[in-house]
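Participant: Sequences and hints are given; from them, build the entire structure.
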Amino acid sequence: MLNETQLATLTETARQMRGDIIRMLAASKSGHPGGSLSAVELLAYLYFHKMKLDPQNPKLPDRDRFVLSKGHAAPVLYAALAERGFFDKNHLTSLRQLHSILQGHPDLKRTPGVDASTGSLGQGLSISNGLALAGKLDKNPYHVYVLMGDGELEEGQVWEAAMTSVHYKLDNLTAFLDYNHLQIDGSIEEVKSMTNPGARFAAFGWEVIETNGHDFNELDQAITTATKIHGKPTIVIMHTSKGKGISFMENQASWHGTAPKPEEAAQALQELGL
Amino acid sequence: MSEKIATREAYGSTLVKLGETNPQIVVLDADLSKSTKTAMFAKKFPERFFQMGIAEADMMATAGGLALGGKIAFASTFAIFATGRAYDQVRNTIAYPGLNVKIAATHAGITVGEDGGSHQSIEDIALMRAIPGMTILNPADAVETEKLIIAAANYKGPVYIRLGRENVPIIFEADYQPEIGKAVKLRDGKAATIFATGIMVEKALQAADELKKQGTTIRVINVHTIKPLDAATVIKAAWETGAIVTAEEHSIIGGLASAVAEVVVQNHPVPMEFIGIKDRFGQSGTPAALLDEYGLTAKNIVTAVQKVLGRKI
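Chain order of the listed sequences is L and C.
Okay, so the first sequence: first residue is 226 according to the numbering used here, each after it adds one.
Okay, so the second sequence: first residue is 82 according to the numbering used here, each after it adds one.
These aren't lab readings, by the way, just hints derived from the structure by calculation.
Please read all numbers here as calculations on a predicted model, not as lab measurements.
Beta carbons: idealized from backbone N, C-alpha and C, even for Gly.
Where hints are given, some of them may not hold.
[Stated by the list, open to error] Facing chain C, from chain L, some residues (calculated, C-beta under 8 Å):
| hint | residue |
| --- | --- |
| 1 | L333 |
| 2 | G344 |
| 3 | S345 |
| 4 | N354 |
| 5 | G355 |
| 6 | L356 |
| 7 | A359 |
| 8 | L362 |
| 9 | A386 |
| 10 | T389 |
[Said to hold, decoys possible] Cβ pair distances, simulated, as ranges:
| hint | chain 1 | residue 1 | chain 2 | residue 2 | range |
| --- | --- | --- | --- | --- | --- |
| 11 | L | N437 | C | I135 | 35 to 41 Å |
| 12 | C | E254 | L | A428 | 54 to 60 Å |
| 13 | L | R335 | C | K294 | 55 to 61 Å |
| 14 | L | E488 | C | D169 | 34 to 40 Å |
| 15 | C | A211 | L | G310 | 37 to 43 Å |
| 16 | L | A491 | C | F362 | 57 to 63 Å |
| 17 | C | G376 | L | K254 | 53 to 59 Å |
| 18 | C | F362 | L | E414 | 36 to 42 Å |
| 19 | L | E475 | C | G238 | 41 to 47 Å |
[Said to hold, decoys possible] Here are some of the chain L residues that sit facing chain C, going by a computed Cβ distance under 10 Å:
| hint | residue |
| --- | --- |
| 20 | P286 |
| 21 | D332 |
| 22 | D340 |
| 23 | A341 |
| 24 | S342 |
| 25 | G349 |
| 26 | L350 |
| 27 | A357 |
| 28 | L358 |
| 29 | G360 |
| 30 | N365 |
| 31 | V369 |
| 32 | W384 |
| 33 | M388 |
| 34 | H392 |
| 35 | Y393 |
Facilitator: Take a look at the structure:
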């Protein structure tokens, strides 16, 4: 359970991160607002409350790892890293520009604090399994967190990896599903009948926890429980809204990959009180 | 030269040796460990062997994750699956961030034999060559395999190693020390040069011997590292011999022939002939019958040299 101060800090951090996301996308004129905004609470919680990290030492050997399997949501990762102090906030408005340390999709070679390069969907869980296996081999106590999108579950490799997580009893791994129900060409139900993702993971042998992805207390409860499950991996199905926090972006598939125009960005920042 | 050992066999035993001395070595396989010979490592170091099942994409990205966790990851399956099925994983998860994964792919080329065209990779080198930062090794015999596997383990970055199913003659002595990136001159000559790789090296030597009997002295270069190509050796051969034949158990599109031609054309154009698979899929047959059917013979190398000599300026 989070105390009042923790809750207030996380809520404020989330607000700042939403502002960062809008500002960086307005500057780059290209990128993915919807799926970045739906993951803000999770990233705020992990980077400011849960994960063992040192912004001065991004390669800390026993740091917790975070893999953004839905790599197009890079803006939310960059917002978290910037706010946390991994690099100067000035870099945010260089997103996607030539020579920027902030590439369109996470690039571990260019951005301090990025643990894995992603972008081609469906690979992050496999990468996370590899990290978790290495941790167990070395008896290194780090925990691996991986965030996937619900459209991303249509990639077959996710299910290959889901088998691996269970087969190797990777309890030092916690996965998260950004269950915002929307992909690009429509809802996940319309596009591929991707219903009941929790039941699918449960059938594969995962521990499944359903939670409100925008409620810090619920996230705290879910993640605390998840990291205590032994002998199998856990997935936290986060019920979220794509574009959360910006009224005209919420639950709109059209805001998947379109950057806000200057006047839209101004309106968004006004809504956030920034 | 009478002993014959498959390069995949040498790979398996070298992995065990590596496992004994380096605790960071881990090995992955996709239900083919008896064929790829990773089973040898698995038996000795079960805690460092990861059976991934029939899931090559998962295997490659998991290897990437293990490398991110500080391991030296060897991932094995057949060449067709390593480079075909898992291409995006190799390209985006391993090569793009430059991870320390060694893709040791066996059963390359048409000498896979009876399994047929769906299993015979005639294009793996081409696929890997187009990936920036991918080092490509194609050892010619068991000795070279052992040395290059060890070199690959000590090399920082992604490496693709092409291994074969069939037993092949030993060419090199036990004290042979190949260096990644350095082609090896096996015979000297001025009339023409044969650049060969993998199982075609032995056939190139046979061809050179035959041509010597006919009074023509041919330079033979073993290209064990196809990428990065030893361009200096290629340019030198173009200048000093004026005619080049390439020989590979691979399509003439995108593999050794292309790699050498790219350097030759940009530096010192000379006539070239390519011995390789002429843009055809493989098919079922014995390895010997297939090599003949697809023109991968010493006899054809001789003919190619004679042809290119006729085109010399």
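Participant: Flag every earlier hint the structure violates by its number, smallest first.
Facilitator: none
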